[in-house]
Amino acid sequence: MIIKIRRDSETLEEFEVLLEDNTLLEVLEHIKSTKDATLSYDHSCRSGVCGSCAVRVNSKEELACEYKLKDGDIVEPLKNIKIIRDLVVDNDDAQRFNQKSNAWLESYIKTDVSKEDEKQNELQSDCILCTSCYSACPVYEVNKEFLGPFALTRVWKYVADKREDDIKQKIELIQNNGIWDCTLCGECTIACPQGISPKDDIMMLRSKSGVKGYMDPNFSTMSFGGFDPNGGF
Amino acid sequence: MLDVLVVGSGAAGLRAGLSAKNSVSSVLIASKQFPTRSQTCMAQGGINAALSHSGEDSVEQHFKDTIKAGNDLANEDAVKKLTSNAKEAIEYLESIGVCFSRDENSKIAQRKLGGAYASRACYAQDFTGLKILHTLYDECNKQNIEFKNDYFLLDLLVENNRCFGAIFLDKKTGKVEEIKAKSVILATGGYSKIYGKYSTNSSSATGDALAIAYSNGAKLSDMEFVQFHPTALKNSSILISESARGSGGYLVNSKGERFTDELAPRDIVSRAIDDEIKKGEDIFLDIRHLGEEFIDEELPQERKLAKLYEKIDPVSELIPIKPSAHYTMGGLEVDENSMSSIEALFGVGECANHKVHGANRLGGNSLLELIVFGKEVGENACSFAKNSNLFDAQNVKENILQTIKTYTNEVDFYKEKEALAELFYKNVGISRDESSLNVVLLEISKMKENLPFMGVKDKSEVYNTNLIEFLEFMNILKLSELIVSSALKRKESRGAHFRSDYLSRDDINFQTHSIASLKGNSLNVEFKK
Ligand SMILES: Cc1cc2nc3c(=O)[nH]c(=O)nc-3n(C[C@H](O)[C@H](O)[C@H](O)COP(=O)(O)OP(=O)(O)OC[C@H]3O[C@@H](n4cnc5c(N)ncnc54)[C@H](O)[C@@H]3O)c2cc1C
Ligand code: SF4
Ligand code: SF4
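Those protein sequence lines, which keep their order, are chains S and X. For the first sequence, counting from 1, position 1 maps to 1 in this note's numbering; every step adds exactly one. Positions in the second sequence are counted from 1; adding 1000 to them yields this note's numbering.
It is possible that part of the hints are untrue.
Chain S regions said to be covered by chain X (calculated; three or more residues, Cβ under 8 Å) [claimed, not checked]:
1) 25-39
2) 50-64
3) 92-103
4) 108-116
5) 123-131
6) 180-190
Mimicking SDA-like on lysine to any residue, the simulated pairs with C-alpha atoms at most 20 Å apart in a straight line are [stated by the list, open to error]:
7) X:1234 x X:1421
8) X:1311 x S:66
9) X:1142 x S:107
10) S:32 x X:1103
11) X:1457 x X:1474
12) X:1304 x S:32
13) S:110 x X:1105
14) S:32 x X:1408
15) S:162 x X:1103
16) X:1234 x X:1281
17) S:60 x S:162
18) X:1415 x X:1445
19) S:100 x X:1143
20) X:1304 x S:141
21) X:1307 x S:13
22) S:60 x S:13
23) X:1489 x X:1419
24) S:82 x X:1462
25) X:1087 x X:1072
26) S:68 x X:1303
27) S:162 x X:1095
28) X:1415 x X:1236
29) S:35 x X:1419
30) X:1197 x S:20
31) X:1397 x X:1474
32) X:1405 x X:1462
33) X:1197 x S:34
34) X:1415 x X:1473
35) X:1457 x X:1397
Hint data in this document are derived by calculation from the structure and do not stem from the laboratory. No residue lacks a Cβ here, since even glycine has one placed at the ideal position from N, Cα and C.
When you get a sec, could you build the whole thing from the sequences and use the hints?
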């Protein structure tokens, strides 16, 4: 079986391996320990929960530990992110958006949470911060200040939480370079290994923002010309 | 100079950092991985607490179960602390927004794990550790805690038995950096990965900080106690959570016969399986009767992983399993303030031995330990920092990286690492005896002699995982000698430590903790008085 790995922006390096029916991570480990000790990639749990090993295979985001390798596959690092070496990328840029958008529980109210309430953000709390969604997002590709999919999913996770008493600031923080900049293309949803749909969460945040008196700035500039969404409310 | 430096960013490290941040000005968490990648994210089963709402459970019962499972080796005061603070720990996690599963009465749902009298484990589907770790991480962002990620601990700064910081390799740049602090907390997890592919753990569970602390003079205790989890997937050693048995799953052999009480503590179940395997049986976990809906609701990860790695669907097929190294009870010997035998050096989480698990850990007690003792160690490290005189020594040490550069690279350390893992699983595994342990000691000393002929092929400064893996191997090798020597000295069977040449428990000589430390240049193992 031949696997091609992008190790710098110019060239793909080919490796021949005699493994069948293995995960990409197993193959990478095999190459590193027997053929080329310099091959660099990240990994940790090998069971799809730590989010370390996200890469792109044939231009789609995959977790190396969950992807079964096929002959001729092309493996590349994630997109829209600083590459440190080979398949290793620097997450720090994307991660700072969690902080920038106050993705945490601001003010706790003690309350019973029913099974139904639990379902409001169960899926969102499955996020493993693998950054696949940023790799797939065409808006983040051109605007590095765009808060981006997982940070907005995280914001929605807390906004939707019955125990959160103070969502005001969170909603305010996502108005610029946030929910309205998303084109709802759904690429993040396709990329997510956990079945999360940041796009849907962004739509929920839009309607929540609407209820709080915010409006789509694109829409308001178009129809009313420079209307200030905060003025007059 | 920092007040508190935390090494490791699993739940223990994050909880410690948060608690320290509460009372002092400067806290830094440095870790070889990004926080949410830490092994804590893998915990599935749950976190124990006798919450009063189920009615059937109590703190006393939790205490009793823990002592019993630990084969009377756990420390009663420590277990009291653990169990009586459990409710508060869960309330804390609830207050920062952990998305626990809920029951019909809108309370935090609980389920039964092995060795527990009642349904005691609070859970979040089978993502308990993931959700706890991520929520703690969000809380750290809220509290503006500073992180250094991809910082690999190379050494500790210690002078006159007083720790004042640590030395790291910045993986991203290859630079070596000293970080000085008034107190240092090690929260670096366990060492089960010595068993390599026979371990359920993440690849980072290599006990680095323990090997380093030991070399700097710290005492390590109970290193011989390694817990084998009964149900790891046969091919990949990926864990199938105990909740699968807790919910009614059966263990069967090739003939389809059940052969043990599935809900007994782990050491007993693992040994029962090991006995069957030695008779030539293959062992399976059967959860088919639980039904697809239940499996998808409560055990979704397990279903996915069994399909991926064993190519079977647990809804309609048997899951092939084997016991695998899962948790290390031993670790940094700490006192009731979580301080090690080196002043200003604290320990918490799986890397420390608070003696709450004794000879065998109860499922769900580890996550609890991280939160309860994490909070406390943060406070203790702070008050130590506040009351300590500024301590700043010039610590000139030979840098291990320089030494490695002189290694000749003729012997492939990846093969050695695999060989050591095989040997450990066979000879230092579920069942041990004197002659098989001695064989391992001999192999270890050969490997140690051979180290200068190993080394790293990759010469890059940037993100050199070949180098990191070699450093981890060196740490593993150092610890392996401690484990085997402690196992040799404990001439009895107790909990996870089973000696086929000393079948019974010997309370007169061994109802105490083994302590491994450096005396001069060599290892000394003795039992605590
Ligand atoms: C598959 C699995 C399932 C489990 N399920 C449960 C469960 O249901 N309930 C339960 O109670 N327990 C469970 N456990 C046990 C529990 O998860 C662990 O004991 C616990 O998470 C350990 O947490 P920790 O914070 O001590 O360390 P870890 O989470 O292991 O974190 C260690 C940290 O130290 C850092 N580190 C390590 N070495 C270095 C170094 N050289 N330099 C710098 N940083 C370093 C790592 O980067 C990491 O951040 C499970 C364990 C496994 C493997
Ligand atoms: S839906 Fe929005 S966030 Fe998701 S990829 Fe498209 S633009 Fe990015
Ligand atoms: S939302 Fe999905 S793709 Fe994005 S980081 Fe989380 S798990 Fe990964």
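- Query: Of the hints given before, which are not true for this structure?
  - Reply: Hints 6, 10, 12, 17, 20, 21, 23, 25, 35 are the ones this structure does not satisfy, whereas the remaining hints hold.
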